[in-house]
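*Asks:* Listed below, chain by chain, are the residues.
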Amino acid sequence: MKNTLLHITLIFSLSWAYAQPSRLVVQPNGKIATIKQAIALADAGDTILVKPGTYREGNILVDKSLVLVGENKPIIDAEFKHEVITVRARHVSISGFKIINSSVASMHDPAGIGAEEADFLTIKKNEFNGTFFGIHISNSHHVTVADNTLKALLRSDHETGNGIHLWQCSNAVIKNNFIHGHRDGIYFEFVTNSVIDGNVSEGNLRYGLHFMFSNDDDYTNNIFKDNGAGVAVMYTKNVKMINNRFEKNWGPSAYGLLLKDIRDSFVENNLFDQNTIGIYMEGTSRTSFKSNIFSKNGWAIKLQASCDDNIFSENNFQSNTFDMVTNGTMVLNTISHNYWDKYQGYDLNRDGTGDIPFRPVNLYAMIVERIPTAVLLWRSFLVFLLDRAERIMPAVTPENLKDNFPRMKPYDIYI
Amino acid sequence: MPRIIKYVFYDILRTRFILLYTMFLLLSTIAMFQLDTDSSKVILSLMNVVLMVVPLVSVVFTTIHFYNSYEFIELMLAQPVNRPVIFLGEYFAVALSLCFAFTAGVGIPMLMYGSGIHGFTLLYSGLMLTLVFVSLAFLSSVLTRDKAKAIGVALLFWFYFSLIYDGLLMWIIYSFSDYPLEKITLALVSLNPVDLARILMLLQLDISALMGYTGAFYKDFFGSSLGVIFSTSVLAIWIVLPVAIALQIFKRKDL
Chain A
968 MKNTLLHITL
978 IFSLSWAYAQ
988 PSRLVVQPNG
998 KIATIKQAIA
1008 LADAGDTILV
1018 KPGTYREGNI
1028 LVDKSLVLVG
1038 ENKPIIDAEF
1048 KHEVITVRAR
1058 HVSISGFKII
1068 NSSVASMHDP
1078 AGIGAEEADF
1088 LTIKKNEFNG
1098 TFFGIHISNS
1108 HHVTVADNTL
1118 KALLRSDHET
1128 GNGIHLWQCS
1138 NAVIKNNFIH
1148 GHRDGIYFEF
1158 VTNSVIDGNV
1168 SEGNLRYGLH
1178 FMFSNDDDYT
1188 NNIFKDNGAG
1198 VAVMYTKNVK
1208 MINNRFEKNW
1218 GPSAYGLLLK
1228 DIRDSFVENN
1238 LFDQNTIGIY
1248 MEGTSRTSFK
1258 SNIFSKNGWA
1268 IKLQASCDDN
1278 IFSENNFQSN
1288 TFDMVTNGTM
1298 VLNTISHNYW
1308 DKYQGYDLNR
1318 DGTGDIPFRP
1328 VNLYAMIVER
1338 IPTAVLLWRS
1348 FLVFLLDRAE
1358 RIMPAVTPEN
1368 LKDNFPRMKP
1378 YDIYI
Chain B
446 MPRIIKYVFY
456 DILRTRFILL
466 YTMFLLLSTI
476 AMFQLDTDSS
486 KVILSLMNVV
496 LMVVPLVSVV
506 FTTIHFYNSY
516 EFIELMLAQP
526 VNRPVIFLGE
536 YFAVALSLCF
546 AFTAGVGIPM
556 LMYGSGIHGF
566 TLLYSGLMLT
576 LVFVSLAFLS
586 SVLTRDKAKA
596 IGVALLFWFY
606 FSLIYDGLLM
616 WIIYSFSDYP
626 LEKITLALVS
636 LNPVDLARIL
646 MLLQLDISAL
656 MGYTGAFYKD
666 FFGSSLGVIF
676 STSVLAIWIV
686 LPVAIALQIF
696 KRKDL
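Sequence lines, in order, name chains A and B. Here our numbering is used: the first residue of the first sequence is 968, the next is one more, and so on. Here our numbering is used: the first residue of the second sequence is 446, the next is one more, and so on.
Derived from the structure by calculation, the hints contain no laboratory data. Here a beta-carbon is modelled for each residue, glycine too, at the ideal position from N, C-alpha and C. Take these hints with a grain of salt, some might be off.
Unchecked claim - The following residues of chain B were derived to be distant from chain A, with all beta-carbon distances above 12 Å:
{"id": "1", "residue": "I449"}
{"id": "2", "residue": "F454"}
{"id": "3", "residue": "L464"}
{"id": "4", "residue": "A549"}
{"id": "5", "residue": "M557"}
{"id": "6", "residue": "Y569"}
{"id": "7", "residue": "L601"}
{"id": "8", "residue": "S622"}
{"id": "9", "residue": "V688"}
As the list claims (entries may be wrong) - With a straight-line Cα cutoff of 20 Å, these simulated PhoX-like cross-link-like pairs (lysine-lysine) come out:
{"id": "10", "chain 1": "A", "residue 1": "K1118", "chain 2": "A", "residue 2": "K1065"}
{"id": "11", "chain 1": "B", "residue 1": "K664", "chain 2": "A", "residue 2": "K1215"}
{"id": "12", "chain 1": "A", "residue 1": "K1065", "chain 2": "A", "residue 2": "K1018"}
{"id": "13", "chain 1": "A", "residue 1": "K1040", "chain 2": "A", "residue 2": "K1018"}
{"id": "14", "chain 1": "A", "residue 1": "K1092", "chain 2": "A", "residue 2": "K1018"}
{"id": "15", "chain 1": "A", "residue 1": "K1091", "chain 2": "A", "residue 2": "K1065"}
{"id": "16", "chain 1": "B", "residue 1": "K664", "chain 2": "B", "residue 2": "K628"}
{"id": "17", "chain 1": "B", "residue 1": "K628", "chain 2": "A", "residue 2": "K1376"}
{"id": "18", "chain 1": "B", "residue 1": "K664", "chain 2": "A", "residue 2": "K1309"}
Make the full structure from the sequences, and use the hints.
*Replies:* Next comes the structure, spelled out in C-alpha cells:
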C-alpha cells in the first residue's frame, strides 16, 4: 500500500515537472535565433520571449497554444511579401511586438496578425505599421484585442484593409486601441456579445467603425474622428452605443452615425460634433436616443420615413445648420423634452418647458434635401421669409413632426 | 481734395445721423452679446444686420446726403476746382464716415467680448458692403435731378440685391436642378455683392453643411487663397465700377 502511494506521488510529481511550462528565449545571435525555430521547439503552454531586434522570417505560423512576448518591441517584418503572423491554435497570446509590412492582396486578405479558429486569443500592446489588414480574426470566441496601435500606409481604398477585422466571433473585447489610415477602423460582421471600448479610430478612408449583422454588442467611450464616412451600424439589434464621440466627419456622404435596419438599440450620452450629417437613419425602429449632444452639424438628424417607434428625448441641439430633416409626412417617432437652440417660444408657468411646440424640420432643409445646390441661398433674406411663412402655415414640412415639450435651457450632459 | 473731404466730413458730423447710426450699431451689438453667451449665435444675428441694415442705411444716407449738399457742390464748381476732385471728395468723405461708424459700432463690442475669425470676416464683409452700396447710391444720385426719384432708384438697388436677385437665383436652381450647377451658380453669385458677402459668412458658420454634396466645391473654392482673392476683387469691381460710371456722368452733367 505504502509503495503504491509512493509510486503515485512519484508519477504525479514527474508529470507535473514535465507539464511545467518552459520559457524559450529568442535572440538574434543566441542559441535560438528565429521565432519559427522557437515555435518548433516549444510545447503547448510554453512562453517564448523575444529579445529586441529585427526578425525577417516571412510568415510565422503559430499552431500551438503559446505565449509570445516581445521585449522592448522587437520588429517582425514580412517585407511586403507575406502575412506577418498567422494563428491557428487556441489560447495564444501575442504582446509587445512591432509588426510591420504585410503583403497586399485582396484574395486572402493578409494581415499583421491573422487568426482563424483561435479561441481565447489575446493581442496586446503591439504596434502595427504598414500592414494591409491590421488584425484579422475569424471564427474565434473570447478574444481580447487591447492597447494596440495600428497605422496603415495611406493608400487608396482597395489597397488598404481594415484595422481590426472580426468575422463570426463572440465575446470579443476590443479595448483602448488606436487605429489610423485603414479602410474601416474596426469592422464587425457576425460578431455577438462583444464590447468595443475606449478606442480611437481616426483618419480612416471609409468608416471608423463598420458594424453589420452583429447583435447584442456594446460600444462605449470611443472616439471616431475625421473618417471618410463616419460610423455605420447596419442590419442588427440590441446594440448599446454610449459615451462615444463622433467628430468632424465631413463630406458628401459622411455621417457621424449611419443607422440602417437596426432595432431595439440605445444611443445615449454621445457627442455629435461638426459632422455633415450627425445621424442618418433608415429602417430603424424601437431605438432610444437620449442625452446626446448635437452641435455644429450640417444636419443633426436625417430621419427617413422608414423609421418607427424611436424615441428622441433629453438631447441638446446646438448650433446645427439644420436640426432635423425627413423625406415623408408620416411621423411614427416620439420627439419630446429636447433642448433646441432655435426654439423661440416662451415659458409662462416657469416649469422649464416651453408652452408652444417646436418644429425641428424647417422648409429650407426640405428644399436642400431635394436640391443640394440650394444650400447656397441659406441665410438669405428670401429664405428667411419663406421659412417664416412656412412656420405659420406648414404646407411642405410634416405637421406632426414636433417636440411638444421643448426645454428652455440646455441639459447638463457630460461626455 | 483732402480739404474738400474735411469740409464734407464736418458737414456730415453736423447732421448727427452718423452718430446715431454708430450708437444704434453699438447698442444693438452689445445687447446681442449680453443676451447670448454663444458667440457664434451672436455673429449669426449680426450677420442679418450686416446683410440687411448696413446696405439700406448706406444707400439711403448717401443719396439724401448727395442732394442735401447739392448747393455746396454748385458753389464748389464755381471755384477753380475740377469736377472729379469734388465728386471723389464727396465720395470718400461719405464712404469713410460710414465705414468708421460701422467699424466703431460693431468692432468695439467685438473686441470687448471677443469673437475671433468669425468676427473678422463679418467686419470685412460689412465694410465691403458699405462701400459697394455707397457707390451704387452715388450712381443713382447722378442719374436724375429729382431727389425722390434718386432715393427710389437707390432703394430699388437695395431691394434687388437683397431679395429679387435671390428669388431669380432660386428659380434658376429650381428649374435646372437636374444639371450640374456649381460653376454657373458661382458665376451668378458673383453678380450680387450681398450674396458674395453672405457666402463668405456661410463658410465660417455652416461649414459642416457646406461640406455635403455640392457644398464641398464652394468650400474648396472660397476656402483657398484663390477664392479670397477672387471674392475680394469681385467686390472691388462692385465698388469701383459704379463710382467710375457715376463720375463719367457727373463730369458731363448739366447741373
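*Asks:* Out of the numbered hints, which ones does the structure contradict?
*Replies:* 8, 17, 18
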